[in-house]
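S.K.: This is what each chain is made of:
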Amino acid sequence: MLSIPCPWCGDRDETEFRYGGEAEVAYPADPDAVDDPAWREYLFVRANPKGWFKERWVHTAGCRQWFTVHRHTVTYEIRDPQPIGEGAR
Amino acid sequence: MTSAWHEPAGSFELPRHDVPHWRDVDPKRAYEVVIVGAGGHGLATAYYLAKNHGITDVAVVDKGWLAGGNMARNTTIIRSNYLWDESAAIYEHALKLWEGLEEDLGYELLFSQRGVLNLAHNLTDVREAKRRVNANQLNGVDAEWLEPEEVKKLVPIMDTSADVRYPVHGATFQPRAGIAKHDYVAWGFARAAYERGVQLIQNCEVTGISVRGGRVTGVETTRGKIAAKQVALCAAGHTTVLGDMVGLRLPIQSHPLQALVSELLDQVLDTVVMSNTVHVYVSQAHKGELVLGAGIDSYNGYGQRGSLHVIEEQLSAALELYPVFARAHVLRTWAGIVDVCPDASPILGLTPVDGLYVNGGWGTGGFKVTPGAGWVYADTIANGRPHPLAEPYALDRFRTGALIDEHGAAAVAH
Ligand SMILES: Cc1cc2nc3c(=O)[nH]c(=O)nc-3n(C[C@H](O)[C@H](O)[C@H](O)COP(=O)(O)OP(=O)(O)OC[C@H]3O[C@@H](n4cnc5c(N)ncnc54)[C@H](O)[C@@H]3O)c2cc1C
Ligand SMILES: [Zn+2]
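If you read the protein sequences in the order shown, they are chains G and C.
Position 40 of the first sequence, counted from 1, bears residue number 59 in the working numbering, the numbering being contiguous throughout.
Position 84 of the second sequence, counted from 1, bears residue number 76 in the working numbering, the numbering being contiguous throughout.
Rather than coming from a laboratory, the hints here were simulated on the basis of the structure.
Honestly, I wouldn't trust all of these hints.
Claimed, not checked - Subject to a maximum C-alpha distance of 27 Å in a straight line, what follows is the list of computed DSS-like cross-link-like pairs (lysine-lysine):
{"#": "1", "chain 1": "C", "residue 1": "Lys43", "chain 2": "C", "residue 2": "Lys55"}
{"#": "2", "chain 1": "C", "residue 1": "Lys122", "chain 2": "C", "residue 2": "Lys144"}
{"#": "3", "chain 1": "C", "residue 1": "Lys217", "chain 2": "G", "residue 2": "Lys69"}
{"#": "4", "chain 1": "C", "residue 1": "Lys122", "chain 2": "C", "residue 2": "Lys88"}
{"#": "5", "chain 1": "C", "residue 1": "Lys55", "chain 2": "G", "residue 2": "Lys69"}
{"#": "6", "chain 1": "C", "residue 1": "Lys145", "chain 2": "C", "residue 2": "Lys122"}
Said to hold, decoys possible - If we take Cβ atoms under 10 Å as the criterion, some of the chain G residues that face chain C in the derived model are:
{"#": "7", "residue": "Glu33"}
{"#": "8", "residue": "Arg37"}
{"#": "9", "residue": "Tyr46"}
{"#": "10", "residue": "Ala48"}
{"#": "11", "residue": "Arg65"}
{"#": "12", "residue": "Pro68"}
{"#": "13", "residue": "Gly70"}
{"#": "14", "residue": "Trp76"}
{"#": "15", "residue": "Thr94"}
Said to hold, decoys possible - So these bits of chain C aren't anywhere near chain G, every CB distance computed over 10 Å:
{"#": "16", "residue": "Trp14"}
{"#": "17", "residue": "Glu136"}
{"#": "18", "residue": "Glu142"}
{"#": "19", "residue": "Gly295"}
{"#": "20", "residue": "Leu300"}
{"#": "21", "residue": "Arg319"}
{"#": "22", "residue": "Pro334"}
{"#": "23", "residue": "Asp371"}
Cβ coordinates follow ideal geometry from the N, Cα and C atoms, glycine included.
Let the hints inform the model, and build the full structure from the sequences given.
M.R.: So, in structure tokens, the structure goes:
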């Protein structure tokens, strides 16, 4: 089980969290201008690197805040927890 | 059922094979086809390229050892009772091949058609299951609906009373479904492909894919450059890593998926039982271990280990359904890396790079399709166009929106 550092609550067990996938995937600024290939990217394609990955978690069983971390997808090492600020995704 | 089946645990002798069945070689400088990944899919593809299409100048390269990926880590469940026409077609094609595979390969695979039950635990499950039975029958796939008493007859150790948290309201049953011994399947395909001239190259990681003028020209590996007219990816778990090498962003995420086995027990379970709602599936291996599978870890990852809480959930579900399991010891747990598509269906076919083919995204359920995927993929590679059974699985479906959503439809994914 991962131990996940919530920026507000500190290290807690993975079972207290829900996974939110890749961080910083922004909703298209002008949806009407988006063509099919770009919708495909936005809806279905997420980075899946073997290495460091910036991703989101939400502390569902705790403070219920969303935040981002960098997690290594091979060693599962986690660093740099950051609250998601105003306007950030 | 054979007599060995009911003998006490430990007395069942697995057939002996004098492995290896192939000779390790250094890679040649060029091949007609390089297949990346020596799991079941890569090996089956090589076999059918040679057998069905006479293409034998083929290398199957693997970064590790043959069948060291998901192939020998899965829970070996084989069935074809999928909901959608496209899925039923390819999985049933595979099941028909399984039915003649031991003879075709001249190799014992312990293929055992002991049937698969998919349990229903609530009204939604019941409706979905009956719908699937009807869909299966329309597609010529054997399927029946069983009431709880009939389930109890097939699986006496199951608690089918109303006193459990998720009572059993019935089940779908596919009698032709079952299990096979996965490492034997890999060895059987490997031997048959090798005998036809295919080279199997282990400890050879693909680190780059060479493209010139929109056409693939070969691969770069930890053992040097290998030129190829065609490159076929069969690298479950690492499909996106390979796609990234040519700037091909694939709609796939890699997740750890775990399974476990118990110590050897006397025969207590004659069929395969799966449950989506309480998410555990179980069969009893030929030697007597209970083989239990669970769900994927939520996060993406390439570590071949998973979270303990997933196993805890799986075991608590198993104990409620099968109280006798409380006495069994867990012998071993392990994980593989499965590559999952957003619609829980695979990608099989051409890519925007000429001569580069992709077979991936089978997620948690690609063992059962091993011969079928190999057959269809070989045909696609040999002819440079998708086999009719592969057409719906084109990468382009994520642009057109013609998804094949087996997520909810296929019951538990495996
Ligand atoms: C725990 C578990 C239980 C499962 N249960 C079932 C089940 O009951 N029924 C079912 O149908 N399916 C099941 N599956 C899914 C099934 O195992 C996979 O869908 C299937 O094995 C994928 O195809 P494959 O056999 O070719 O992949 P793999 O055996 O994973 O082969 C991929 C190969 O590619 C190699 N590779 C990766 N990257 C590179 C590179 N860069 N260069 C060279 N080689 C590379 C790997 O080393 C690996 O050997 C399960 C999977 C797991 C993990
Ligand atoms: Zn918190």
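S.K.: Confirm or reject each hint.
M.R.: Evaluated hints:
{"no.": "1", "hint": "Lys43/C <-> Lys55/C", "verdict": "holds (25 Å)"}
{"no.": "2", "hint": "Lys122/C <-> Lys144/C", "verdict": "holds (18 Å)"}
{"no.": "3", "hint": "Lys217/C <-> Lys69/G", "verdict": "holds (22 Å)"}
{"no.": "4", "hint": "Lys122/C <-> Lys88/C", "verdict": "holds (23 Å)"}
{"no.": "5", "hint": "Lys55/C <-> Lys69/G", "verdict": "holds (15 Å)"}
{"no.": "6", "hint": "Lys145/C <-> Lys122/C", "verdict": "holds (20 Å)"}
{"no.": "7", "hint": "Glu33", "verdict": "holds (6 Å)"}
{"no.": "8", "hint": "Arg37", "verdict": "holds (7 Å)"}
{"no.": "9", "hint": "Tyr46", "verdict": "violated (17 Å)"}
{"no.": "10", "hint": "Ala48", "verdict": "violated (20 Å)"}
{"no.": "11", "hint": "Arg65", "verdict": "holds (6 Å)"}
{"no.": "12", "hint": "Pro68", "verdict": "holds (8 Å)"}
{"no.": "13", "hint": "Gly70", "verdict": "holds (9 Å)"}
{"no.": "14", "hint": "Trp76", "verdict": "holds (8 Å)"}
{"no.": "15", "hint": "Thr94", "verdict": "holds (7 Å)"}
{"no.": "16", "hint": "Trp14", "verdict": "holds (28 Å)"}
{"no.": "17", "hint": "Glu136", "verdict": "holds (36 Å)"}
{"no.": "18", "hint": "Glu142", "verdict": "holds (37 Å)"}
{"no.": "19", "hint": "Gly295", "verdict": "violated (6 Å)"}
{"no.": "20", "hint": "Leu300", "verdict": "violated (5 Å)"}
{"no.": "21", "hint": "Arg319", "verdict": "holds (26 Å)"}
{"no.": "22", "hint": "Pro334", "verdict": "violated (5 Å)"}
{"no.": "23", "hint": "Asp371", "verdict": "holds (27 Å)"}
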